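A.B. asks: Spelled out from the first residue to the last, the chains are:
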Amino acid sequence: MTKERKTKDVIIIGAGMAGLTAALYAGRSNLSTLVLENAIVGGQIANAVGIENYPGFTKVSGSDLMTTVQQQAEAAGAEVDEFDMIERVDLMGKTKIVETQSYIYEAKVVIITSGMERRKLPLKEEAKYSGRGVHYCELCDGHMYQDKVISVMGGGNAAVDAANFLTKYAKELYLIHRSKLRADKASQDKLFANPKVKVLLETEIRALHGEGRLTSITIYDKAKGEERELPVDAIFVNIGVVPNTHLFEGQVKMTESGRILAGEDCRTNLPGVFAAGDVREKEIRQLTTAAADGTTAALLAEKYIESL
Amino acid sequence: MVKVYSITQCPWCDKVKKYLKSKGIAYEEHNIELSDADRDECYKISGDLIVPVTTVNGKDFVVSFDKAKLDALLGL
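Protein chains in written order, with the numbering used here: chain Y, 1 to 308; chain P, 1001 to 1076.
Isolated chain Y, as found in the complex (with noise of 0.2 Å):
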């Protein structure tokens, strides 16, 4: 079946916080604006329990902060389409197409804010247990694990968020991480003062067991170079992101570990293809720098399409 074409100025590549800020901009520029999301809407923050550092707000969950922000963008008359896969894209000519499963788009800008997914639990046993014990998302899974045996790998921000939040289910919890912290101190005092917590430094998960679903693992005490069984239920795996630019390679210019090179202008190699947030090459990755970021992008892609 023949694919119907569409025509849009701006088509934005993820829905989190930079894609939806730029729709926010691009809608309120009079400009058509889509946005296009694979996963989930509001990204990764979208998981965040309680968010503390965005200006304007004391405390507030990710999920309510980014449905504000696409019923802002939406207000504005962006578009925002969360069911429609992405299939390819050609963002080397003029015209930029972006094919989905339904429609063939021809956008005179594609901003790329298609932000970073989680690293996967790099073991042979990964697929096994995942979803039986291996997990990438306390929200949705947490509440499996009512008075279970929880771990937690990971040492930064998100892997100590994510074990405070799990306090609230296990009945003991271990964090896990193969070196120092590097959460910030006001949520890794939160954990130390729990008393379900036990904090494992220097410590590797180097196996998985179980029948059918987890039920330990082999841990490696690099400090006393000692390997041991530990009995846990569940491993909620906070090791890291990797970026979402498969479906640009080979077309826009990218770091080897795959984020893309643009400026703080968020200009690519490619005239009218912008990256925002996280994607983008960048030393701070904050909530804060993708809303800028999305803003940028937005405000030269106007810049952009009036030159054309």
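Be aware that a few hints might be false.
[What the hints assert, rightly or not] Straight-line Cα separation of at most 16 Å, EDC-like style, residue types lysine to aspartate or glutamate; simulated pairs:
| id | chain 1 | residue 1 | chain 2 | residue 2 |
| --- | --- | --- | --- | --- |
| 1 | P | 1067 | Y | 81 |
| 2 | P | 1017 | P | 1071 |
| 3 | Y | 171 | Y | 147 |
| 4 | P | 1067 | Y | 84 |
| 5 | P | 1017 | Y | 81 |
| 6 | P | 1018 | Y | 82 |
| 7 | Y | 128 | P | 1071 |
| 8 | P | 1018 | Y | 81 |
| 9 | P | 1067 | Y | 82 |
| 10 | P | 1069 | Y | 106 |
| 11 | P | 1003 | P | 1041 |
| 12 | Y | 3 | Y | 106 |
| 13 | Y | 8 | Y | 306 |
| 14 | P | 1018 | Y | 84 |
| 15 | Y | 3 | Y | 99 |
| 16 | P | 1067 | Y | 87 |
| 17 | P | 1023 | Y | 264 |
| 18 | P | 1003 | P | 1038 |
Hints are computed from structural coordinates only; laboratory data are not their basis. Here the structure is a predicted model, which is why all the values come from computation and not from measurement.
Starting from the structure of chain Y, add chain P where the hints point.
C.D. replies: Quick look at chain P alone, frame taken from chain Y:
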């Protein structure tokens, strides 16, 4: 009959429910936070400790949001 096993704060559960609504498909929501029986049933259906789980006519099911599988089961 379509059933969605979910919890209150769960972005993927929300996505499944929004998708069903967008297609005009009625569903029965089973919040496993509110019912141990639903939680046990959810685990029995999929064997996974994960939500959302969507069942169609009590036998076929989809774990998480998988548009292709949902479409196939729902005949979309």
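A.B. asks: Output the numbers, in ascending order, of every earlier hint that fails for this structure.
C.D. replies: 7, 10, 17
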